[in-house]
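Chains as they are written, first to last, in our numbering: chain A, 911 to 1972; chain B, 37 to 504.
None of these hints come from the bench; they were simulated from the model.
Watch out, some of these pointers could steer you wrong.
Okay, the calculated bits of chain B under chain A, using three or more residues with CB under 8 Å as the criterion [unchecked claim]: (1) 93 to 100; (2) 189 to 201; (3) 283 to 293; (4) 365 to 375; (5) 436 to 445.
To give an idea of the interface, some chain A residues facing chain B are shown, with a C-beta separation under 10 Å as derived from the structure [said to hold, decoys possible]: (6) H1633; (7) M1637; (8) I1642; (9) L1666; (10) R1736; (11) V1806; (12) V1809; (13) R1826; (14) R1831; (15) A1834; (16) F1847; (17) N1848; (18) Y1852; (19) R1879; (20) I1949.
Think of the CB as a built atom: it goes at the ideal place given N, C-alpha and C, for glycine as much as any other residue.
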Amino acid sequence: MANSTKYWKGLEQLDNDSSFVDANKNEFAEDLPVADFLQDQETLEGGSTSRRDFLKYLGFGVAAASLAACETPVTKAIPYLNKPEEVTPGVANFYASTYYDGSDYCPVLVKTREGRPIFVKGNSASTLTHGEVNARVNASVLSLYDNNRLKSPMIGGKATTWASIDNRLTKELKEAKNLKVLTHSLISPSTKSILDGFANGSNLMSEDAEVNPVSMANNVVSYDAISYSGILDANEGSFNKRVLPTYNFAAAKSVVSVGADFLSGWLDALQYNVGYTSTRNPEGEWMSKHYQFESNMSLTGTNADVRVPIKPSEMGGVIAAIYNGVAAKVGGASVKGATKNYTVRVKSAVAHLLANKGESIVVCGSNDSNVQTLVNGLNNMLGNYGKTINIDKASHSKQGSDAKVAALIKEMESGKVDALLIYGVDPVYTLGDRFKKALGKVKTTVSFATKMDDTASACKFVCPDNHWLESWNDANPVDGHYSLGQPTISPLFDTRQAQESILKWSGNNASYYDFIKAEWEQNIFPKSGAVMFADFWNKVLHDGVVEVAAAPVAEEVMPIAFAGDVNAAGNAVAKIKGSGTELMLYIKEGIGNGVGADNPILQELPDPVSKITWDNYVTMNPAEMKEAGYNTVLGQENPANLLSVTVNGKSLELPVIGQPGQARGTIGIALGYGKSVGKMTEPTGKNAYPFVGIDKKGNVSYVANATVTAVEGEYPIAATQTHQTVMGRDSIIRETTLDVFKNGTKDDYNPAFTLLSGKTDEHGHQKAKPIKEFDLWGDHPVKEVGHRWGMSIDMNLCTGCGACITACNVENNVPVVGKDEVRRGREMHWLRIDRYYSSEHEPLAAIGDTHGATMEASETGAIGAYTEMENPADNPRVVHQPMMCQHCNHAGCETVCPVAATTHSNEGLNMMAYNRCIGTRYCANNCAYKVRRFNWFNYMAYSKFSEINPSQDDLGRMVLNPDVVVRARGVMEKCSLCVQNIQAGKLEAKKAGTPVVDGSIQTACSSACGSGAIVFGDLNDKESAARSGMDNDRAYRVIEEVGQDTNIYYQTKVRNLKQNEA
Amino acid sequence: MHKEASIREPLVLGTPTYSDITNEVLHTIENKPTKLWKLLMVIATIIALWGVGCILYLLGVGIGSWGLNKTVGWAWDITNFVWWVGIGHAGTLISAVLLLFRQKWRMAINRPAEAMTIFAVFMAGLFPMIHMGRIWMAYWVLPIPNQFGSLWVNFNSPLLWDVFAISTYLSVSLVFWYIGLIPDFATIRDRASRPVQKLMYGLMAFGWSGNAKAWQRFEEVSLVLAGLATPLVFSVHSIVSMDFATSVIPGWHTTIFPPYFVAGAVFSGFAMVQTLMLIVRKVMHLEKYVTIKHIEYMNLVIIVTGSIVGVAYLTELFISYYSGVEYESYAFINRFSGPYAWAYWCMMTCNVVSPHLFWSKKLRTNLAFTFFMSIIVNIGMWFERFVIIVTSIHRDYLPSSWSMFYPTWVDIGIFVGTLGIFSVFYLLFLKYFPVLAFNEVKTILKSSGEQYKNMSDEEFKKLHPVKK
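So here's chain A without its partners, still in its complex pose (with noise of 0.2 Å):
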């Protein structure tokens, strides 16, 4: 009850007589003389307060109301009411994961900050990847944070409740006779098992299973946007088993690609990686020669020893040619179809692969099942079945069937299919309209896509599926291999796994996470031969991967039984003709088949090989281009030519750029492109998808006869490296022969650099001297005391792939800037890699003494020479080398900065103090290897590039880095050596009281690096790998002799040719 005593203020209100009542309506008790103070002249004149005091106090009233109105936000930063238990602010936590998105398998490690995961790495306890990951597995946490993701389930393009679409779909998926399921290929036990219930009917309709009888591998239909189903219509053929076999490239001397880029795009290439590079090391036993046979410039291409320019047609005849070469030898038939061309080099690949034999690999990127037959039949020749291939121990990331895709799209196109789930694919993207068509005949239509894709957008329901981040998964990518997918962070939006839509739609409530276990516990877990099951998942859960017994396979009593038959399929190898220019389509190492296309960072990512970004396009020979009078120089003014690319009856306009090395008669266009990024409203590329040819069998293939035609216009593209050769710069690029490097000593291919000292010996030549002897400064303190971080960089290892810029990329908050920057030279990778082909006008044996060579090489004389440096060879040797900061002990951008804002570390490291940059960009102008990044504009808030910066708004910014500063516009950036890594781990060592362990501190790029090629250390650690590869005969510094004192150090690339092979 509310406190009803009253207190008054005196008698007079007790009172409340009619005085008080009259005073009460005065606001001021007392009388005011208002008006005697204004009519006294006097008083009012000397009164202290005079009008200009009244405005003063005026004014400055103003103003102080107006400045407390504009008081700063207060941002609140909310401590833990209850701390989880594994979330220490500041502190990163990693746990494993798997990375599969129906084409690329990848265990990793995901590095959580405060909950959220802001970096994926490989991780290095699974035996098939070995730590490896490709551009896309790192980036593609930028696309966890994505706002184009879609945020709640839909039905008829109206986001609705999981309730709504539960209840509807249940009763329509009953209802539905004819339910189909079309997926990527399925690497998931669980996934599996699930699916295979459901589209089989047990779980759905357990009650009238009769109804709908089928069996699983009718109604579950597999599809990979990119077919394999040449290799794998080929093994079925061969060895009775519709598997792709594992290749062990590590024990391959000899490796023969026709076609394929095994580096890149092809199958598991990120489990092939590891081991073609371990035996690209010219210092082990031997190292492996690698022969190419391709039309366009791939990734894997610009690796081989020997690449030779074939059109696609030629594949099968090439094949044949080395089959017929090698059967020749080992007293087998010879087939038809082989091509007459390319004797030379097709001999020298026989005569090695013969050399080799069990130890070689012959690999084919035609999807072509007659020319995988006669590869088949190659390997099996050569011995390499159970060697180097291994078809028992099957990888399963490819399963899909041309035909069973062909059959599919028949169905729906009849109306038999009344439900049609789709899971992981876009295939209205990739099969366009014809699948599109079909779809409209089906009644009942579900898509899983994470984003509103070409097929969601056609679907009636739409289900969005969790980001990988956010779900649990399992997959068994190879038999035996096994491993586990763990959310890192709380489903962001209103999503769900398909998986758990599935077991929910076919009344099993059961959560994704217990089926998994359930799963494990029955199937996976007998087989590991560990005592407990919950030790057993514990321990699977935190490794990540596990290894268990495939199938009992004892390979003494199984010899591979070869039975493929190699004289049909070289008859149909015969009959393969090519006409007109003829297109092979290809995959990027960043877009993929089209799973990157919506990643900015990807995008941005330059092509390994031409170095653009942003952009698909016609790839050509930069002859044929000069003869049709096209512009081969592209830049910043210097647009790209328009043509128009016409295969079937279907036409795409694409710019066209010279690509050296690209087989004459040929063009190349890159799959995956055509997808809108990030807010962006126009597309980025053009879908080169209905390029892709498809028989009456429903057999795809990439390779097309087209018609190119010029069309008016020009297009900007957007490369990152416009000057392509290293004009004969040996001292930033140093490559050798291997019969150079083993008969030879350091001087032979690796010379000191040195300098004429000006002063004369006996004969009146000046003596050279080191260039340490000319040095202007004493060594700087880091040299021999206390840490002195560097790297060491192995050019032979290093196959160009990427993937350590887009891993820089995320770690270090590198701003995305979109392609009109990029057109402009001002992207922000700390990190490149540098592409140089090599030219025929370089001196390539003068190594040692380019300038006087060039000189007298062109009749033209210097300048002659160096123009003609400038053009590519017609087939160029490649060179890939990673340049970021050298942190230089004597760099030139600490002393011309006049703010001190960069300076040297007592570690060696070359430091940017980005709050104390001014912005002079001197520094970057007297950097030698161009590696500085300005902030052109504040890319975090400008409007050019809030469309392409996922920063720009706060989900985007979400996977930002908290240990990197984001850099301020006019401020100088580059490579810090991940510094925040580095005093991560000596803080580490120093609670643990040990020295820092080698190899426990990795940037960014090294740890993404699965091949070896960058090594970080400690180089006054003696022990440490990186000081054993700036101590190895190959190593040596770029430009060294300006004198800059790097503590990157790289090791010479060392060739599997003879000195003058060419």
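Place chain B on chain A using the hints.
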């Protein structure tokens, strides 16, 4: 005693009296502005405002509104800076060095040349400011006590030397120029009829009384300042050249730069003086004071400095070849045969070939031709800086980073804008400041009294009316 050889031509033509000189020079100040002046002022103001607008846009958006990129970090900004600093050389050279050498012909041109210097240095100073990514932190280049811990400027950096060199040069030039103006302001003050004018010029005249002691001190201060300013003429551009010379970039890293830059600066400075003087002389009817002789002398300076510059160019080329350094020789081969060869040959033609036309006396005493040539030299010297800066860094060590530079409308707008701002300053100077150091010019006037002898009584009376 001041003696003059009889054959030497007088420095001031005709027989103006002291009052004639005063009247003629102060005519513009004491009268309303002419239509031509107003028109020019309007045009200049529009261009200047456009430039200011471009600068504001640059400051608002970022350095990215220029055409620079990861390889070419400086282009028009520093080209313009060096160009304007170079132009700012002539004034002090004329007033200080020629004063020390007792070259009295300088008196007719030192005031406008010095004004040009001051305004050119203003323009020059603008560029290092606005080229900074964070101009609001520009004061960090000053070695002032601060609260950032022990943070101090980096005395190794040539950019810091620039800060000192330019600011010293500007302050000394400004003081020198102003000291020279004081007696002239005093004259204007004494003649001014309008109170505001009287007050303003009175303030600016610093209470100049014109007595002998004041003149004596004036002469002494002038001499001391000339002595101070002379080394500065050489130091400023030497230090500017060290921005490049101390770097590691082939084409920049050249020990020849300091003298070569100074010669180039004098070269371009005199060209700009010619451009301005020829217009001023014509419009303000100063033919009597700025004679063909002056023009010819300046053209001779242009030949000499142009030749020095030419020798420097050729030396650079030779050394790049002779050094045997791959990068160095490529840098120069690229200069004359690469994608920017047009700029190189433009520079060569304007700076090396064209000045030698002045060997012909007919040409060097031809006003129209001199004017044309002065423009050519200005263009050539702009290209010299562009060639040095851009063609050196656009293709340096690592070919992977080679690129081109394309100016944007902001680049062009700011450069044109500074021409406008400079013109506004100069037009204001022409209107409100005594264009000639007329009190000094009076000292070189021949006053033999010859004219009085030949004068009729009436003429004399007209000239000197007797007050009753």
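Against the structure, the hints:
no.: 1; hint: 93 to 100; verdict: holds (count 4)
no.: 2; hint: 189 to 201; verdict: holds (count 8)
no.: 3; hint: 283 to 293; verdict: holds (count 3)
no.: 4; hint: 365 to 375; verdict: holds (count 5)
no.: 5; hint: 436 to 445; verdict: holds (count 6)
no.: 6; hint: H1633; verdict: holds (4 Å)
no.: 7; hint: M1637; verdict: holds (5 Å)
no.: 8; hint: I1642; verdict: holds (6 Å)
no.: 9; hint: L1666; verdict: holds (8 Å)
no.: 10; hint: R1736; verdict: holds (5 Å)
no.: 11; hint: V1806; verdict: holds (5 Å)
no.: 12; hint: V1809; verdict: holds (5 Å)
no.: 13; hint: R1826; verdict: holds (7 Å)
no.: 14; hint: R1831; verdict: holds (4 Å)
no.: 15; hint: A1834; verdict: holds (4 Å)
no.: 16; hint: F1847; verdict: holds (4 Å)
no.: 17; hint: N1848; verdict: holds (6 Å)
no.: 18; hint: Y1852; verdict: holds (7 Å)
no.: 19; hint: R1879; verdict: holds (5 Å)
no.: 20; hint: I1949; verdict: holds (5 Å)
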